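S.K.: Given next are the chains, with one letter for each unit.
2 protein chains.
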Amino acid sequence: MKFKKTRYGRTGRVKTAHGFFKTPSFMTIATRGAVKTLEASEVKKFGADIILSNTYHLYLRPGLEILRKHKGLHNFMKWSGPILTDSGGYQVFSLTKIRKLTEAGAEFKDPLTGKVHILTPEKVIDIQRVIGSDIMMVLDECPPYPATRSYVQKSMELTTRWALRCLEHKKKKRVRNQKLFAIVQGGIYLDLRERHAEELTKYNFDGYAIGGLAVGEPEEKMYASIKAALKFLPKNKPRYLMGVGYPHQIVRAVKFGVDMFDCVLPTRNARHGNLFIWKNFSLKGKFYGTLNIRNEKFACDTCSIDSLCDCPTCKTYSRGYVRHLFKIDEMLGQKLATVHNVRFYQKLMEVLRAKT
Amino acid sequence: MKFKKTRYGRTGRVKTAHGFFKTPSFMTIATRGAVKTLEASEVKKFGADIILSNTYHLYLRPGLEILRKHKGLHNFMKWSGPILTDSGGYQVFSLTKIRKLTEAGAEFKDPLTGKVHILTPEKVIDIQRVIGSDIMMVLDECPPYPATRSYVQKSMELTTRWALRCLEHKKKKRVRNQKLFAIVQGGIYLDLRERHAEELTKYNFDGYAIGGLAVGEPEEKMYASIKAALKFLPKNKPRYLMGVGYPHQIVRAVKFGVDMFDCVLPTRNARHGNLFIWKNFSLKGKFYGTLNIRNEKFACDTCSIDSLCDCPTCKTYSRGYVRHLFKIDEMLGQKLATVHNVRFYQKLMEVLRAKT
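These protein sequences, in sequence, are chains A and D. Read in order, the letters of the first sequence are residues 43 to 398 in our numbering. Read in order, the letters of the second sequence are residues 43 to 398 in our numbering.
Since the hints were derived computationally from the structure, they do not count as laboratory data. A hint or two may mislead.
Unchecked claim - Far from chain A, by Cβ distances over 12 Å, these chain D residues were calculated:
#  : residue
1  : H60
2  : A76
3  : L102
4  : K111
5  : H112
6  : N117
7  : A256
8  : S324
9  : K326
10 : C342
11 : T344
12 : Y363
13 : D371
14 : E372
15 : K377
16 : A396
What the hints assert, rightly or not - Pairs of lysine-lysine residues, derived as DSSO-like cross-links and limited to a Cα-Cα distance of at most 27 Å, are as follows:
#  : chain 1 : residue 1 : chain 2 : residue 2
17 : A       : K369      : D       : K321
18 : D       : K321      : A       : K87
19 : A       : K120      : D       : K397
20 : D       : K111      : A       : K120
21 : D       : K369      : A       : K111
22 : D       : K369      : A       : K321
23 : D       : K244      : D       : K321
24 : D       : K397      : A       : K86
25 : D       : K369      : A       : K357
26 : D       : K357      : A       : K86
27 : D       : K64       : D       : K277
28 : D       : K86       : A       : K369
29 : D       : K369      : A       : K113
30 : A       : K87       : D       : K87
31 : D       : K120      : A       : K357
The structure displayed is predicted, hence computed values, not measured ones. All C-beta atoms, glycine included, are put in the ideal place defined by N, C-alpha and C.
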């Protein structure tokens, strides 16, 4: 893995068992083995070369038996490129109600069935081995915001111990085709961020993520925390900012030196009719805007959603038609909107990579 | 329009302002300007060369102003082939609660807004002119089942007078690029069916539909009613059996001499996970079956949905994956199922057309 310094941060190509992906990279979200509304073949056409799925969700549904029978997630969902799987740590804390957190791992109830499960560092590695993801994430605890310094510090230390158990288990199981990334925590306490990054980089992880941000903290505190972590992350390994974010946040983080991103924004917003619109490709100032296609004012609008966009939705349909589909609750509307937002984010990354 | 007699009824090509369609033809349903879950370009790939939309639905939403601004439905939904529009008669009687039926037309309340509208024979022609459908249908009254002979007879006579007013209005407005089909009613009273067919064929309609069937009557009564109407329908004009039906019913009706069909079955059933499966292409006996993909037994099934099907869903995905999508309520599942059922029906028509 080599990264080239550019005016806009750095560009690179990361090799995985399922081919390369280019950085800076935005990973489109396929939480439960599908980019909502889209086939994997479509996602690829819009420029995505790596997708993100979730260990927690896939473990609950479809479950490991079905994934094993299908020889892993790639074959199950027919995506032949790289897949990164989040470990499930974040989801256990944000999506489940009853939980017990011990040194061993995180206990939670499946919100649908009520069945109690426990995720341990070793278990999330084993699950990700069945999934067959190209990049596995360590189990981490993601502290809420706000949280006291002492809570964040203790949580961070637990995350370190869990990360090392993940690394150890991966070695023990002789996993070679799957990378493992550690996750830097530390909340908005800059010295904790620095210390955690420094600590984790002592071990030979394949990449480093910055987690626990974009959870409600002020934007400037987020930027400061990213910078604090980056100071100690190695130059020759990928740096992944988890769950961020808006286009302008991605641009800023790329400038800091971040290589990888994921976020539900493009896909989730699309399903509510919220679309990202290019103003220009300068990436400066207000280079993009948003519109809600459900708005009355688009009813008779025969123009495309975004005149600067090259996605099939913008090349084919009018704002009036897409609005009509949303107004009659026709799911094709959500698909056409998702196509546009997915392409918007991939185009953003293309522009970022081209700014050398 | 020429039809060639075959072992399986007849085959033909019907010319419209937006190109030919081949008969026997199954029109895929795009009630409100979209084949639910699919883009028009996809529907075409699966073999559909004509689609059906609905005057009643399009009149209410998006409404005429939006359709006018988009220069008609073809451009609105980006379907370049033939479109047939049902007149809205059937929908006014089946979907709206409060209505007044007079010689003038049918009054109803929009179930969503409560606004009162009236559809008259002249108005449905005018609406269909704005829609720009290649084949317009006359306004008809579709009697419920069961209904008394005297009710059906009176209703049928009203339908005749409305049909003639439609024809007259079309002439007055000098509509040349749009065909107009009459609708034969008469319930399950065979002499009424015969009489109505005979009466309507005195006038120069471009084609004849058989309406008011598949509304709850026994299947054998439906077949007898179709045959009664067909006896009097001209050989050189298309014959369209409205709202029918299951594959074996279509095969039987084609043998009687029917050319055109429409039905919500393939698309609606798909959205509930009910899929049509080929057993063989003989079209004899039980040549097809059905399965519900939500069924537990498909959870680990790595086979395609239908080994005899050439649709993209069957060529790409496993039963286990499509079931997973349904179980997690991911709309991609409904799309993949729709793709299969739409293709199943088009393949059925291809096999029927090839049996010469």
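S.K.: Does each hint fit the structure? Answer for all of them.
M.R.: A quick look at each hint next to the structure:
no. : hint            : result
1   : H60             : 17 Å, holds
2   : A76             : 5 Å, violated
3   : L102            : 10 Å, violated
4   : K111            : 4 Å, violated
5   : H112            : 6 Å, violated
6   : N117            : 8 Å, violated
7   : A256            : 25 Å, holds
8   : S324            : 32 Å, holds
9   : K326            : 35 Å, holds
10  : C342            : 4 Å, violated
11  : T344            : 6 Å, violated
12  : Y363            : 5 Å, violated
13  : D371            : 10 Å, violated
14  : E372            : 5 Å, violated
15  : K377            : 8 Å, violated
16  : A396            : 30 Å, holds
17  : A:K369 / D:K321 : 40 Å, violated
18  : D:K321 / A:K87  : 35 Å, violated
19  : A:K120 / D:K397 : 36 Å, violated
20  : D:K111 / A:K120 : 41 Å, violated
21  : D:K369 / A:K111 : 17 Å, holds
22  : D:K369 / A:K321 : 40 Å, violated
23  : D:K244 / D:K321 : 44 Å, violated
24  : D:K397 / A:K86  : 40 Å, violated
25  : D:K369 / A:K357 : 33 Å, violated
26  : D:K357 / A:K86  : 18 Å, holds
27  : D:K64 / D:K277  : 16 Å, holds
28  : D:K86 / A:K369  : 25 Å, holds
29  : D:K369 / A:K113 : 20 Å, holds
30  : A:K87 / D:K87   : 18 Å, holds
31  : D:K120 / A:K357 : 11 Å, holds
Violated hints, in rising order: 2, 3, 4, 5, 6, 10, 11, 12, 13, 14, 15, 17, 18, 19, 20, 22, 23, 24 and 25; the structure is consistent with all others.
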